[in-house]
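Peer 1: Given next are the chains, with one letter for each unit.
Protein chains: 2
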Amino acid sequence: MEKKVTLGPRTLLFPMPAVLVGAVVDGKPNFMTAAWCGIASHKPPAISVALRKGRYTLKGIEKEKAFSINIPSTDLVKKVDFCGMYSGKDRDKSKVFEVFYGNTEAPLVEECPVNLECKLIHSLDLGSHVLIIGEIIESYVSADCIKNGKVDIKKIDPLVYTTDLQVYQGLGEVIAMAYHVGKQD
Amino acid sequence: MEKKVTLGPRTLLFPMPAVLVGAVVDGKPNFMTAAWCGIASHKPPAISVALRKGRYTLKGIEKEKAFSINIPSTDLVKKVDFCGMYSGKDRDKSKVFEVFYGNTEAPLVEECPVNLECKLIHSLDLGSHVLIIGEIIESYVSADCIKNGKVDIKKIDPLVYTTDLQVYQGLGEVIAMAYHVGKQD
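If you're matching them up, the sequences are chains B and F in order.
2 is the number of the first residue of the first sequence in my numbering; add one for each residue after it.
2 is the number of the first residue of the second sequence in my numbering; add one for each residue after it.
Rather than coming from a laboratory, the hints here were simulated on the basis of the structure.
Certain hints may be false.
Because identical chains cannot be distinguished in the list, a pair is counted as satisfied if it fits within a single copy or across any two copies.
Below are the DSBU-like pairs computed for lysine-lysine, each with C-alpha atoms no more than 30 Å apart in a straight line [unchecked claim]:
1. 96 to 54
2. 66 to 54
3. 29 to 148
4. 184 to 148
5. 156 to 5
6. 5 to 79
7. 184 to 79
8. 60 to 148
9. 5 to 148
10. 4 to 44
Here chain B stands alone, though its shape is the one from the complex (with noise of 0.2 Å):
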């Protein structure tokens, strides 16, 4: 038996996503890095996001009732940094990214492999953070990241946050299938 150390109440989650979270504040695009993600429902589809309170992106989807959840693949990873890095209130980042628009007023990312665009359904205040889960509406994926009617994982390369160390990490190799090698008769 692994002896066990205890750290008090941490956020100890792994892996966690390194997404964009996309907004319009203020008339214009903004984007913002985030790990605090995960998928919230089958139906409807729905995305969960936390926020600290005082983001200013959490203005923008707030009263545009819209947002984006953009992955970037490894290569992105400068950019990724720079918008956790600097908010939206001193930076201008709507320029940081080719943007286009799908069938709101959310704001998606041009050079990432996968968007999913998102309608604001729930705003749950917990703290220091609001948890926003949105309506996925639409998901756009990159033409070359479709293989065999399948998104391709090493296509999308994914970028992975790390906490505690804090890096960003890619994905490993395929271990085994899912919903087969644990099978038993």
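Assemble the complex: chain B is given as a structure, and chain F must be docked to it using the hints.
Peer 2: For chain F alone, coordinates are given in the frame of chain B:
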């Protein structure tokens, strides 16, 4: 500009963790595999996980108001997949892992290098799924997974669940330091 394809509303998030959600159900510890999990708040430290309505584990969480999130290493892939394929209704999963307890009814998995003990604070009905939000009241980390006071991601060696392809993967190499690589004057 890459050509984008619309796939309709899809729950496409990369990467997602493969975690074991623990709860006591009908008087016995039970574990189910989930990928739809994200950190929800810093203060209080909170985590969310989406469970399909009617899930056996959900029944236990709602009754006991406590659950655990356990982060498995890649060497647990078979057991993780097993816990994702079979319901506690049909299979007794109380003996799959060595179990320990903290301050609540939440069963914690000894073999997992990271365990978060949670008290249920919100339960949000979204449609097909209920988004369970737990306050993290304690975190447990295997002693050999801590290096220089930080959680050592190489030792944790967490399991990634990749949706659409439905595979488990490992983590790749460190690419860059966060709050550093994107710094500008």
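Peer 1: With identical chains treated as interchangeable, where does the CA-CA distance between residue 156 and residue 5 reach 30 Å or less: within a copy, between copies, both, or neither?
Peer 2: between (38 Å within a copy, 14 Å between copies)
Peer 1: With identical chains, the pair residue 29 and residue 148 could be close in the same copy or across copies; at 30 Å between alpha carbons, which is it: within, between, both, or neither?
Peer 2: neither (35 Å within a copy, 43 Å between copies)
Peer 1: When Cα atoms must be at most 30 Å apart, do residue 5 and residue 148 count as within-copy, between-copy, both, or neither?
Peer 2: between (43 Å within a copy, 14 Å between copies)
Peer 1: Since the copies are identical, ignore which copy is meant and state whether residue 60 and residue 148 lie within 30 Å (CA to CA) inside a copy, between copies, both or neither.
Peer 2: For residue 60 and residue 148, neither the intra-copy (38 Å) nor the inter-copy (39 Å) Cα distance is at most 30 Å.
Peer 1: Cα distance capped at 30 Å. Does residue 4 pair with residue 44 within a copy, between copies, both, or neither?
Peer 2: So residue 4 and residue 44 pass the 30 Å test across copies only (28 Å; inside, 41 Å).
Peer 1: Between copies, within a copy, both or neither: which fits residue 66 and residue 54 at Cα up to 30 Å?
Peer 2: Result: close both inside a copy and across copies, 16 Å intra and 27 Å inter.
Peer 1: Between copies, within a copy, both or neither: which fits residue 5 and residue 79 at Cα up to 30 Å?
Peer 2: between (36 Å within a copy, 23 Å between copies)
Peer 1: Within a copy, between copies, both or neither: which one fits residue 184 and residue 148 at a CA-CA cutoff of 30 Å?
Peer 2: So residue 184 and residue 148 pass the 30 Å test inside one copy only (26 Å; across, 36 Å).
Peer 1: Please sort residue 184 with residue 79 into within, between, both or neither, judging by C-alpha distance up to 30 Å.
Peer 2: The answer is between: 8 Å across copies meets 30 Å, while 42 Å in one copy does not.
Peer 1: How would you classify residue 96 and residue 54 at a CA-CA limit of 30 Å: within, between, both, or neither?
Peer 2: Cα proximity of residue 96 and residue 54: one copy only (25 Å, versus 43 Å across).
Checked against the numbered hints above, the structure breaks hints 3 and 8 and satisfies the rest.
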